[in-house]
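Based on the provided sequences and hints, a complete structural model is requested.
Numbering (my numbering), first residue to last: 8 to 303.
Just to be clear, a hint being listed does not mean it is correct.
Said to hold, decoys possible - With a straight-line Cα cutoff of 30 Å, these simulated DSSO-like cross-link-like pairs (lysine-lysine) come out: (1) K32 <-> K200; (2) K282 <-> K237; (3) K282 <-> K293.
Unchecked claim - Between beta-carbon pairs, the in silico distance windows are: (4) G140 <-> K219: 18 to 24 Å; (5) V119 <-> K219: 18 to 24 Å; (6) K143 <-> S247: 33 to 39 Å; (7) T146 <-> S100: 22 to 28 Å; (8) S247 <-> P70: 28 to 34 Å; (9) G82 <-> D249: 31 to 37 Å; (10) K200 <-> T146: 43 to 49 Å; (11) P169 <-> T105: 28 to 34 Å.
Hints listed in this document are in silico derivations from the structure and should not be mistaken for laboratory results.
Glycine residues also receive a C-beta, built at the ideal position from the N, C-alpha and C atoms.
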Amino acid sequence: RVNSSAPEMAEDKPVEQSGLLEWPKIDNRRFLHAVYRVGDLDRTIKFYTEGFGMKLLRKRDIPEEKYSNAFLGFGPEESHFVVELTYNYGVDSYDIGTGFGHFAIATEDVIVLVYKLVENIRAKGGNVTREPGPVKGGTSHIAFVKDPDGYTFELIQREPTPEPLCQVMLRVGDLERSIKFYEKALGMRLLRKIDRPEYKYTLAMMGYAEEKETTVLELTYNYGVTEYTKGNAYAQIAISTDDVYKSAEVVNLVTQELGGKITRQPGPIPGINTKITSFLDPDGWKTVRNFCFPTL
8 RVNSSAPEMA EDKPVEQSGL LEWPKIDNRR FLHAVYRVGD LDRTIKFYTE GFGMKLLRKR
68 DIPEEKYSNA FLGFGPEESH FVVELTYNYG VDSYDIGTGF GHFAIATEDV IVLVYKLVEN
128 IRAKGGNVTR EPGPVKGGTS HIAFVKDPDG YTFELIQREP TPEPLCQVML RVGDLERSIK
188 FYEKALGMRL LRKIDRPEYK YTLAMMGYAE EKETTVLELT YNYGVTEYTK GNAYAQIAIS
248 TDDVYKSAEV VNLVTQELGG KITRQPGPIP GINTKITSFL DPDGWKTVRN FCFPTL
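What follows is the structure, given as structure tokens:
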């Protein structure tokens, strides 16, 4: 009798795992915010609001923990992807590392925006690293600028979009592995993949809707480069979930196959109406899954 039940138990496990991996596909997923550190909060707020046209959504000071933060974006947090800037008391500079790439902002007239930035660039402490111009082999215009802390922003000419803060680019050491990880662990879709052998890189756009509709994660693989430094500036990206416990189970399962690890077990944050779990992907990039209790 014991022997006859063993095959049955062995068959149950893959079925269970298969069912669990369906969860990310039906979960309530949305890019919420990117968290990173800055050396002068008011200076960065001024640069983003006056240069990029973002809105300051909220700002808070937590003196007992010696930090302040501010949320900025192009619309309310309930419906838009935003940036969460963190200032740690007394720390005025950070190492961005070689792995973080850039954020991207979509605008109908990238040239006007860049020249508006150039007019006040010295006063705001940023610089233009690529003047506005057409993409090689294309007609749309792009430009690259750096904010006062050295974070790069790509400005992309695009038709009107509900989400102007449209990309977060991270470099990875194994693109196929990363694609599988974000598909399985977070339920993202591979929207497009572009190989540019003449420039020795391949990139993949991952997300929950088409690029023109929402924020996407741009994963970049540079030929032959398998590791990057993370620095201490860029922190994490946050993505919504309806169940942090189930989401953590999925991530735990996927990390056993592809690498990465859970860094915070799922549960509530004391004093905040939120439950989270956090984890690292196979390259060490951090993601936080958030569930906010409905406001009654």
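Status of each hint after checking the structure:
For the hint pairing K32 with K200, the CA-to-CA distance comes to about 20 Å; that is within 30 Å, so the pair holds. Of the supplied pair hints, the one linking K282 and K237 holds, its CA atoms being roughly 26 Å apart against a limit of 30 Å. A hinted pair counts as satisfied when its Cα atoms are at most 30 Å apart, and K282 with K293 qualifies at roughly 17 Å. Distance hint check: the CB atoms of G140 and K219 are about 22 Å apart, consistent with the given range 18 to 24 Å.
Checked against the hint of 18 to 24 Å, the C-beta distance between V119 and K219 comes to roughly 20 Å, which is consistent with it. Range check, K143 to S247: Cβ separation about 36 Å, and the 33 to 39 Å hint holds. Between T146 and S100 the beta carbons are some 39 Å apart, a value that contradicts the proposed interval 22 to 28 Å. Checking the proposed 28 to 34 Å range against S247 and P70 shows it holds: the Cβ atoms sit about 29 Å from each other.
Between G82 and D249, the C-beta spacing of about 22 Å breaks the proposed range 31 to 37 Å. At roughly 21 Å, the beta-carbon separation of K200 and T146 lies outside the given 43 to 49 Å, and the hint is violated. One distance hint, 28 to 34 Å for the beta-carbon pair P169 and T105, holds here, with the actual separation near 32 Å.
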